[in-house]
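S.K.: The listed protein sequences derive, respectively, from chains A, B, C and D.
The first sequence begins at 1 in the numbering used here and counts up one residue at a time.
The second sequence begins at 1 in the numbering used here and counts up one residue at a time.
The third sequence begins at 1 in the numbering used here and counts up one residue at a time.
The fourth sequence begins at 1 in the numbering used here and counts up one residue at a time.
No lab work stands behind these hints, which were simulated from the structure alone.
Hints are supplied without guarantee of correctness; some may be wrong.
Said to hold, decoys possible - Dumping the calculated BS3-like pairs for lysine-lysine here, alpha-carbon to alpha-carbon at most 30 Å:
1) Lys248(C) to Lys199(C)
2) Lys199(C) to Lys131(A)
3) Lys265(D) to Lys210(A)
Because the structure is a prediction, the values reported are computed rather than measured.
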Amino acid sequence: MKEKLTTLESALSPIVSGSSVAIGGSLLRRQPNAAVRQLIRARVRDLTVMSWAGTTAIDLLAAADAIRRWEGIYVGLFNYGLAPNFRRAVESGRIEVRDFSETAMVARLRAAAQGMPFLPIRTLFGSDIAKVNPEQIRTFDCPFTGQKLQAIAAAEPDFTLIHGYAGDKYGNVQWPVVRDTDDMDQPFASGAKRLIVTVEKIVPHEEIKKQPSLTYIPGNWVEAIVEVPYGAHPAACDTLYDEDDAHLRDYVARSKTAEGVKAYLDEFANALPDHAAYLEKCGGLAALAALDVKGRA
Amino acid sequence: MKEKLTTLESALSPIVSGSSVAIGGSLLRRQPNAAVRQLIRARVRDLTVMSWAGTTAIDLLAAADAIRRWEGIYVGLFNYGLAPNFRRAVESGRIEVRDFSETAMVARLRAAAQGMPFLPIRTLFGSDIAKVNPEQIRTFDCPFTGQKLQAIAAAEPDFTLIHGYAGDKYGNVQWPVVRDTDDMDQPFASGAKRLIVTVEKIVPHEEIKKQPSLTYIPGNWVEAIVEVPYGAHPAACDTLYDEDDAHLRDYVARSKTAEGVKAYLDEFANALPDHAAYLEKCGGLAALAALDVKGRA
Amino acid sequence: MADFTNNELITAYLSRQIREDDLCFVGVGTNGRAFTLAVGMPLAAVRLAQLHHAPGAAVYWGNLLEPDLSVIPEHFTQDTFTQWQAAACPPDTGVKCDMLARGRFDVSFNSAAQLDRYGNMNITAIGDYRNPKVRLVGSLAQPEHFAFVRRPLLLMDLDARSFVEKVDFITSAGHLSGGNSRREAGLSEGGPALVVTDKAVFDFAEDTREMRLKSLHPGVTKDAVLAAMSFVPLVPETIPETEPPTVKELAHIRSDIDPNRILLKV
Amino acid sequence: MADFTNNELITAYLSRQIREDDLCFVGVGTNGRAFTLAVGMPLAAVRLAQLHHAPGAAVYWGNLLEPDLSVIPEHFTQDTFTQWQAAACPPDTGVKCDMLARGRFDVSFNSAAQLDRYGNMNITAIGDYRNPKVRLVGSLAQPEHFAFVRRPLLLMDLDARSFVEKVDFITSAGHLSGGNSRREAGLSEGGPALVVTDKAVFDFAEDTREMRLKSLHPGVTKDAVLAAMSFVPLVPETIPETEPPTVKELAHIRSDIDPNRILLKV
Numbered sequence: 001m002k003e004k005l006t007t008l009e010s011a012l013s014p015i016v017s018g019s020s021v022a023i024g025g026s027l028l029r030r031q032p033n034a035a036v037r038q039l040i041r042a043r044v045r046d047l048t049v050m051s052w053a054g055t056t057a058i059d060l061l062a063a064a065d066a067i068r069r070w071e072g073i074y075v076g077l078f079n080y081g082l083a084p085n086f087r088r089a090v091e092s093g094r095i096e097v098r099d100f101s102e103t104a105m106v107a108r109l110r111a112a113a114q115g116m117p118f119l120p121i122r123t124l125f126g127s128d129i130a131k132v133n134p135e136q137i138r139t140f141d142c143p144f145t146g147q148k149l150q151a152i153a154a155a156e157p158d159f160t161l162i163h164g165y166a167g168d169k170y171g172n173v174q175w176p177v178v179r180d181t182d183d184m185d186q187p188f189a190s191g192a193k194r195l196i197v198t199v200e201k202i203v204p205h206e207e208i209k210k211q212p213s214l215t216y217i218p219g220n221w222v223e224a225i226v227e228v229p230y231g232a233h234p235a236a237c238d239t240l241y242d243e244d245d246a247h248l249r250d251y252v253a254r255s256k257t258a259e260g261v262k263a264y265l266d267e268f269a270n271a272l273p274d275h276a277a278y279l280e281k282c283g284g285l286a287a288l289a290a291l292d293v294k295g296r297a
Numbered sequence: 001m002k003e004k005l006t007t008l009e010s011a012l013s014p015i016v017s018g019s020s021v022a023i024g025g026s027l028l029r030r031q032p033n034a035a036v037r038q039l040i041r042a043r044v045r046d047l048t049v050m051s052w053a054g055t056t057a058i059d060l061l062a063a064a065d066a067i068r069r070w071e072g073i074y075v076g077l078f079n080y081g082l083a084p085n086f087r088r089a090v091e092s093g094r095i096e097v098r099d100f101s102e103t104a105m106v107a108r109l110r111a112a113a114q115g116m117p118f119l120p121i122r123t124l125f126g127s128d129i130a131k132v133n134p135e136q137i138r139t140f141d142c143p144f145t146g147q148k149l150q151a152i153a154a155a156e157p158d159f160t161l162i163h164g165y166a167g168d169k170y171g172n173v174q175w176p177v178v179r180d181t182d183d184m185d186q187p188f189a190s191g192a193k194r195l196i197v198t199v200e201k202i203v204p205h206e207e208i209k210k211q212p213s214l215t216y217i218p219g220n221w222v223e224a225i226v227e228v229p230y231g232a233h234p235a236a237c238d239t240l241y242d243e244d245d246a247h248l249r250d251y252v253a254r255s256k257t258a259e260g261v262k263a264y265l266d267e268f269a270n271a272l273p274d275h276a277a278y279l280e281k282c283g284g285l286a287a288l289a290a291l292d293v294k295g296r297a
Numbered sequence: 001m002a003d004f005t006n007n008e009l010i011t012a013y014l015s016r017q018i019r020e021d022d023l024c025f026v027g028v029g030t031n032g033r034a035f036t037l038a039v040g041m042p043l044a045a046v047r048l049a050q051l052h053h054a055p056g057a058a059v060y061w062g063n064l065l066e067p068d069l070s071v072i073p074e075h076f077t078q079d080t081f082t083q084w085q086a087a088a089c090p091p092d093t094g095v096k097c098d099m100l101a102r103g104r105f106d107v108s109f110n111s112a113a114q115l116d117r118y119g120n121m122n123i124t125a126i127g128d129y130r131n132p133k134v135r136l137v138g139s140l141a142q143p144e145h146f147a148f149v150r151r152p153l154l155l156m157d158l159d160a161r162s163f164v165e166k167v168d169f170i171t172s173a174g175h176l177s178g179g180n181s182r183r184e185a186g187l188s189e190g191g192p193a194l195v196v197t198d199k200a201v202f203d204f205a206e207d208t209r210e211m212r213l214k215s216l217h218p219g220v221t222k223d224a225v226l227a228a229m230s231f232v233p234l235v236p237e238t239i240p241e242t243e244p245p246t247v248k249e250l251a252h253i254r255s256d257i258d259p260n261r262i263l264l265k266v
Numbered sequence: 001m002a003d004f005t006n007n008e009l010i011t012a013y014l015s016r017q018i019r020e021d022d023l024c025f026v027g028v029g030t031n032g033r034a035f036t037l038a039v040g041m042p043l044a045a046v047r048l049a050q051l052h053h054a055p056g057a058a059v060y061w062g063n064l065l066e067p068d069l070s071v072i073p074e075h076f077t078q079d080t081f082t083q084w085q086a087a088a089c090p091p092d093t094g095v096k097c098d099m100l101a102r103g104r105f106d107v108s109f110n111s112a113a114q115l116d117r118y119g120n121m122n123i124t125a126i127g128d129y130r131n132p133k134v135r136l137v138g139s140l141a142q143p144e145h146f147a148f149v150r151r152p153l154l155l156m157d158l159d160a161r162s163f164v165e166k167v168d169f170i171t172s173a174g175h176l177s178g179g180n181s182r183r184e185a186g187l188s189e190g191g192p193a194l195v196v197t198d199k200a201v202f203d204f205a206e207d208t209r210e211m212r213l214k215s216l217h218p219g220v221t222k223d224a225v226l227a228a229m230s231f232v233p234l235v236p237e238t239i240p241e242t243e244p245p246t247v248k249e250l251a252h253i254r255s256d257i258d259p260n261r262i263l264l265k266v
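Using the sequences and the hints, build the whole thing.
M.R.: Written as structure tokens, this is what we have:
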């Protein structure tokens, strides 16, 4: 097996301005926020970003003016309301959006995983989602029944970023048996061209290979793996730690203005050399442990 | 939740001559053989049978002259050679076959699960598998790229039969964390119209709901669930018991002739009232325990 | 009258829409009043149906299929969801999408920023899509609900900004421009069935598919309803009162389902 | 010569076809000589490549991705597979199919009941499809291997019944009728790369795509090869000898990989 363990800086260095990037996680779970802060530090711009239910990762990138186009099912802050910076950027015309409903986005991810240029659905008849996007959503006739169907173009991002629970140095990433599965991280990984994974913890391969069915991202699919404890902060990593309510409230408050969030980004991303410094800035591992939920090993 | 626990006889009684039935398991794992012996006892005929890598279940049904048509990726007896009774029936013209390669069969199952009349692949250009089956495999043009693709018709069996590890009375079936996953039981279940599941053991719902991510067949999809210990015998149920080598050798030997296997079927299916009698006929639970592998609870 | 709250009235009403063995979609998000509308009353309504007349009714909530609704925790952080017990927790959300497209859902609970005369809804953008006045959250599975669920139930507070003549963006196609237009667009029958608000209940006329006042909540006048809408719905000659909760229903809600007023808080 | 077995020769030859980071498909089935061809020599060849020159080479075997090949058990019952350790064991076989269709595999090991001049193969039926003389197993993922794997390697004993002018049924499309016919049918480049037999190795001519004698195993004559085939392949003027295993390769095979002769038994 090939060793793929590296640093956040090195793993993300291929992502340059203008790249397309799929971002995993869903709602306040497993947002790859440590990776996103590194992209912000690296001053990457003009990204095409794809997501499932995106929250902090997308809004942080929007705040940093790193997104040119977004495609996905949702951007918001879950129970913290609309995504303030994403919203501001869309309303000001800086971010172009293309919406996909859930079956449509699922079709896009599965098409990529299956090596197909499209998959069919029949959800979006009559919806303006299809009307505004003839480039990626087209009506065609079923070759068997003749009935009208909608072809949804495959999602083919240059890079895919996922934050996971635990992995080995070969890039094999495992999930716990009991977990919150309300996301599309495995389908995102299945269809990825260049897959970069951050995990809470690197564990020995000997542990991984005892329970191979817990590996949801095989190392064979992975280009680089990085250990970033609390890598989803201020969002949660289910089974390990909860969302940081105080931090999120502060983020929302400071995001009321572009200046406010600029100061936030300077403080929590740009002024810091790396993820370790971010953790210190957030009070260090001792303070962050207050977010831990039972079960964190 | 709705209670779905019943007997093999009652669960299978809706399957009548002429029905189409998808049969789960793969190679010598989790063949729903107890259910198949019940179908044989019930003298069901003219079935259209779909399978992944079918072995004992398909060959037993063929031996009983219960199959009119088969569609799938493989029928054989794995390391016990070709499937003698299936082979005889196909060669004599009693069973009509339509072959599907693995991506084609996967497309059929996923199409059914997704409520689609077809899914696209691009595997079978130049293959006679497509040439002999224009009813279910058709070339069409990608609505985006214009490239040639092949549409594979959804698998829409009337019934789906799966043998699983453990379930509750509501039909929720769970797998162990470490298992042999080389099969398509979950995709078969996802696309089923009427899903009938046999399991090695009925466990309390309280056990199931503690680890909901181990439920691979939600009770919501299930019409009936039946407890049949050693329900895959003489095939294996991975993590619980191995294949019965002596029984399989005897079966293969007796299957050399139609008369031979007729006697086998009389002895192990027709002459017996139920699965309990079959287990007794095979030496009872004490003898069968010799097949157990470590881990059987 | 008034020995029950408006939330109790709505919850009991919704529960009566749920039939034996129905599979119901409930969302997970938001807080405050939006939580009550999107999560609290729907969960309470299904639980009430389970206890009252539909023991086989089930919920798909987040990615939990048939979650145990017998105990409701005080707070909903991530770990609350992680540890929630359920019959099944499929490997990813794609399974739920497949079940939607396959027509396995009977009921969904929906709400929107805008809803129009024909039950088209908008959670995507206010104003022009490419240059929006307000960018909303996107679409989630709301288009799927209107396309595939047998009886989508809308649950929204009546408000002239939300109940508009024509939505700015059709996220979910309801009855489109009425009549047969939904079928002509390629959608199956179905679409939004009922709109349950804090003041009244609406359905959609069988022929024109226009929104129609179906019942007024106890103490609410027709004029109060019309004043809170930007279009005039069909109004029948006689409008019945929304049937209030029974003593038994109230007892279930108060004692068994939501004793700590988590679900029906605001 | 002859201080190595034919199986060792083939295994070492195959291992040299495997390059660093190659992902290789290996089957799981059968017993006796068929096991050696389908499972034993392929597994041994990949393991040899890992030890010798391609530490990043990987196997997808059954539904195990990167199984631990460092210890080979005596018997292969179901439980042997169940307990085999690996980097990953995806939720169902569909994941492997997707990886095939996505072009993630570099090498596959294949064998067939019939193989023809253009590398088309048949594991479905001998005789007429609808009225076969012999019904075989079907197709499995053999069509996928020839359609999507970069370098499919055929591993078959040379036999006039197997090496036929034209297969009765094209399960897997090889180079079809030669020349550009494979591309014209809609398939990507690729298709069968090498045919490794117990007597000789074949490749396919760059222009006509006809099977071509590439090397003779030590001690085997051209005539012995042609006598074991039902068609005459392309035969170059000079035919090199199949390169024998090195001392180092033999040591790996005998001491590290297959000390108990499970994989290269028959």
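S.K.: Hint by hint, note whether the structure agrees.
M.R.: Hints, verified against the model:
no. : hint                   : verdict
1   : Lys248(C) to Lys199(C) : holds (23 Å)
2   : Lys199(C) to Lys131(A) : violated (34 Å)
3   : Lys265(D) to Lys210(A) : holds (28 Å)
Checked against the numbered hints above, the structure violates only hint 2.
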